[in-house]
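Kindly generate the complete structure, drawing on both the sequences and the hints.
Residue numbers (the numbering used here), protein chains in the order written: chain A, 1 to 296; chain B, 1 to 296.
If chains are identical, the list can't say which one is meant, so a pair holds when it fits in one copy or spans any two.
With a Cα cut of at most 30 Å, we get these calculated DSS-like pairs of lysine-lysine: (1) K139 / K153; (2) K296 / K219; (3) K124 / K75; (4) K153 / K124; (5) K139 / K124; (6) K23 / K113; (7) K23 / K264; (8) K264 / K153; (9) K264 / K219; (10) K153 / K22; (11) K75 / K113; (12) K264 / K139; (13) K22 / K264; (14) K22 / K219; (15) K219 / K295; (16) K219 / K23; (17) K113 / K124; (18) K22 / K113.
Keep in mind the hints are simulated off the structure, nothing from the lab.
Single-letter residue listing:
Number of protein chains: 2
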Amino acid sequence: MRRLALLALLPLIAAAPPAENKKLTPTDVVAQMGDEFWITIPAEDLLVMTLEGGSRVVIQLAPEFAPVHVANIRKMATSGYWQGATVYRVQDNYVAQWGLGEAERALPEGVVKLPPHEYWRPLKGVAFQAVGASDPYSKQAGFSNGWPVATYKDGTASLTHCYGAVGVARDLAPDTGSSSELYTIIGHAPRQLDRNIAIVGRVIEGIENLSSLPRGTDKMGFYAKGQAARPIQSVHLASSMPVETRPSFQHLDDSTAGFAQYAKVRMNRDDDFYRVAAGGADICNIPVPIRPTPKK
Amino acid sequence: MRRLALLALLPLIAAAPPAENKKLTPTDVVAQMGDEFWITIPAEDLLVMTLEGGSRVVIQLAPEFAPVHVANIRKMATSGYWQGATVYRVQDNYVAQWGLGEAERALPEGVVKLPPHEYWRPLKGVAFQAVGASDPYSKQAGFSNGWPVATYKDGTASLTHCYGAVGVARDLAPDTGSSSELYTIIGHAPRQLDRNIAIVGRVIEGIENLSSLPRGTDKMGFYAKGQAARPIQSVHLASSMPVETRPSFQHLDDSTAGFAQYAKVRMNRDDDFYRVAAGGADICNIPVPIRPTPKK
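What follows is the structure, given as structure tokens:
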């Protein structure tokens, strides 16, 4: 049954361009940003996973932060390693996890079985825009080439476990996981995992195809006997797909004044719905705007 | 297909009691807390919602923070107001929303159609335990009688929009919503809503029955034509149910040393899985432990 009154619980979707005196929403700010402020994500950084039934999940890879793990993922995708893989764990307010265990199939040639601890990297060498609000988990949180990152007193930076972050499942240290099994965050950001697991990317399309799966009833959300793990039909790098059918996405350039305004408005909502502006936000509550690349 | 190796991505479920020298997990700390440290939630503060098919969602109400809205909810539950109500909106990483519009059924006698703005209350008069980490949204975050709260420079305190928080859908101010339509948070905490909407409680059991529902494909996650809204079979106050069948829950007493240790361990994970302790956590990443009341 549809509601008669559409309740205005945070309008995430811009309808018409804002009137002159209307206070801007974050969506309004993003809608004003011209094509020149959007950066196209390289096709070799897009992993396209199709679940049984045809629903699609697109993951942007983060080679700047986890180069060896990302190289592994590219090799596994192009070699067909994940044939027969499943989504086999869905834990509420935590993770959906998928892949194929190394006990079930030998890793393809060239895949590094025990990659280095790519849990952080030197801040030096990557761009960084501070978000300008306190972060209980780090020295300072902000953005780096479109990624949410945290920086630390020791001069390092890590990707953050925000909603949709994709990480590498692992056993106890020194194991880092090869990347044969991956997870994504489907709940409140478990930031205690930052600097403890390799984050290799983020879901940029179709996370609802993972987050709405039935929760596993076994320990830690693993699917119990009798619960059917969700088969993965295919995993491809976009760069291996025909140009006409491969997806393409862009993220808003986080070094622009428009992005800074977007973040500021996220922290200081003052449109008609709000009575009190928060005056701050955590890094995971300022998602980097991403859109399909417009057709020319 | 079950995994052969159980990947240890944060063991939320304690198996055996910890060995002498093992570093404690939050679950270990909670498991050590004797019955005397748990507070039973009054039956009149539990709202029991059963979805079609029999799956149950239990909500703890917060009369200390939103007394008029909570009184409305109790009256609507006991008068059968929600017969025919549905879950009609599920927006990924945001909210699941349900209820029955006031245009569809007149509010029961005694329900306040336009309650006051119970978005915050004076901090004076409620217990408060600071969490001891910075909060980008408030002066200080902490706990009050088992609730996650934020405090502000003006001497007020508000409940926080953490995962599972239940709030009252509303239109633009000065409307506060009668409570005929409610939502719960099913993603990263949208704390910008704090002090802008009445939070009336939190889901303490069965949130997965809402968070795993199909996402609505209409604007803002409303179910589109052709998507079947999920019928709600019944909504009862536990205090109106037979004593033998009503559910009962307890929360850990947040004024105890054991609770403080639990919060500290959440902020400083150092068990075998972790390489680096975060040294802090946001209020929504320290969920108040809740358990079914043990049978005598």
